[in-house]
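**Q** So the protein lines, in turn, are chains A, B, C, D, E and F. If you read the first sequence in the UniProt record's numbering, its first letter stands for residue 1, the second for the next number, and so on. If you read the second sequence in the UniProt record's numbering, its first letter stands for residue 1, the second for the next number, and so on. If you read the third sequence in the UniProt record's numbering, its first letter stands for residue 1, the second for the next number, and so on. If you read the fourth sequence in the UniProt record's numbering, its first letter stands for residue 1, the second for the next number, and so on. If you read the fifth sequence in the UniProt record's numbering, its first letter stands for residue 1, the second for the next number, and so on. If you read the sixth sequence in the UniProt record's numbering, its first letter stands for residue 1, the second for the next number, and so on.
Some hints could be false.
[To be verified] Facing chain A, a subset of chain F residues (Cβ under 7 Å, in silico):
1) Pro9
2) Thr17
3) Glu19
4) Arg22
5) Ala54
6) Ser55
7) Ile58
8) Ala72
[What the hints assert, rightly or not] Derived list of chain F stretches under chain E, where covered just means 3 residues or more per stretch with a C-beta under 8 Å from a C-beta of chain E:
9) 33-42
10) 60-67
These are computed hints drawn from the structure, not numbers from a lab. Owing to the predicted nature of the structure, the values given are computational and were not obtained by experimental measurement. Ideal Cβ placement from N, Cα and C applies to all residues, glycine included.
Number of protein chains: 6
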Amino acid sequence: MSESITLIPNNSLLTNTPEEGRQLAVKMARLIIKMTQPDAEVRDRLRPTYAEDASMLIAIGQVVATEFATIAKANDYWK
Amino acid sequence: MSESITLIPNNSLLTNTPEEGRQLAVKMARLIIKMTQPDAEVRDRLRPTYAEDASMLIAIGQVVATEFATIAKANDYWK
Amino acid sequence: MSESITLIPNNSLLTNTPEEGRQLAVKMARLIIKMTQPDAEVRDRLRPTYAEDASMLIAIGQVVATEFATIAKANDYWK
Amino acid sequence: MSESITLIPNNSLLTNTPEEGRQLAVKMARLIIKMTQPDAEVRDRLRPTYAEDASMLIAIGQVVATEFATIAKANDYWK
Amino acid sequence: MSESITLIPNNSLLTNTPEEGRQLAVKMARLIIKMTQPDAEVRDRLRPTYAEDASMLIAIGQVVATEFATIAKANDYWK
Amino acid sequence: MSESITLIPNNSLLTNTPEEGRQLAVKMARLIIKMTQPDAEVRDRLRPTYAEDASMLIAIGQVVATEFATIAKANDYWK
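Next comes chain A alone, as it looks inside the complex (with noise of 0.2 Å):
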């Protein structure tokens, strides 16, 4: 397992907007999985069989609402 790679783009949790907050959860959950499985071909292999499975596509917005309950947290919920 790889660990050079960026975890948290621009090293920061905070964001202008709710979008942005949104958009950085995705992209902190994806290089976790990046870091585990560091090669790209076995992830584009991987990625029609959690598109496809309604399963996997709920599992992955419940990673998503994790990290997104943190970002939003630290932005103060961007009142």
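Since the structure of chain A is provided, determine the placement of chains B, C, D, E and F on it from the hints.
**A** What follows is chains B, C, D, E and F alone, placed relative to chain A:
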């Protein structure tokens, strides 16, 4: 994966009522699925799979509960 | 999917007691399932599936626990 | 599904000690299962299923951990 | 199910260090499993099942992470 | 199960940056797996299993997200 879709309607976590907050939680959960599987035809094909599977219905409830926790806090629980 | 059903009874997270808060958590969890699967006949058919499956009973407990965390906080733990 | 059973013993999240708080978390988790499956005979039949299944034992641990998080906070961590 | 076992060693969530807090999280997670399956022989039999199953190892990590969140907060993150 | 391994590097949740906090989350998640399965040979054998399984990659993401929530809060979100 297309990321050009809007992930948070109105770019805000603030809503007038708990009911609207709950609807936002549902929408945010769905938009992650839409982003991960942008093909509407595939999503339509998956619908009966999860809507008639008790296990997946429960998992959807888990995602919505997690999104709602964030939205409720952002709105100071509408107190 | 119909979204015209009410997702939060009385449009409020506030309850008089922990017991009522717990009941609200159960109702909120069920209403998400109802919204995702609006056909009462299908839901009735699924009931024995999850009510006799240890794994699903535990998963339901997980959803209720998550909803309750939000409701309990909204009520400042009824202190 | 019967909802006439008590979901929170003593209708309170407050306990004297962490140990009692932990026991409350276990009870609250079990009461949701009892409410969802009110037939004691069915629950008895399911017991060996989850008690001898590593995966379900872990899932039960997850539910208890989530319930306990709420109870611990309600008690200000018994500090 | 016997509930006479101790669920929280020393009846406290407070520890001197993060490392001790982490060990407490592991112990608390294990004690719930022990309470649910009090037969040591069965637990011994299950050990190779989860210790050689990637999916269960990850699930154990999830439970410990959840317990640790509560313990870390109780200790104000040892700051 | 050996518990003599270090579960939290440097015995601290505090890091200089979000990126380092994220790396700590990954390490803490791995160390629980290492503690539960101390045999390096078995862990090496399991690696291709989870690294080529979309479902497990997502589950790993869930654990890291949960650990990171705690670390981010401990560091006041590096604000």
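**Q** Under the constraints set out in the numbered hints, which ones does this structure not fulfil?
**A** 1
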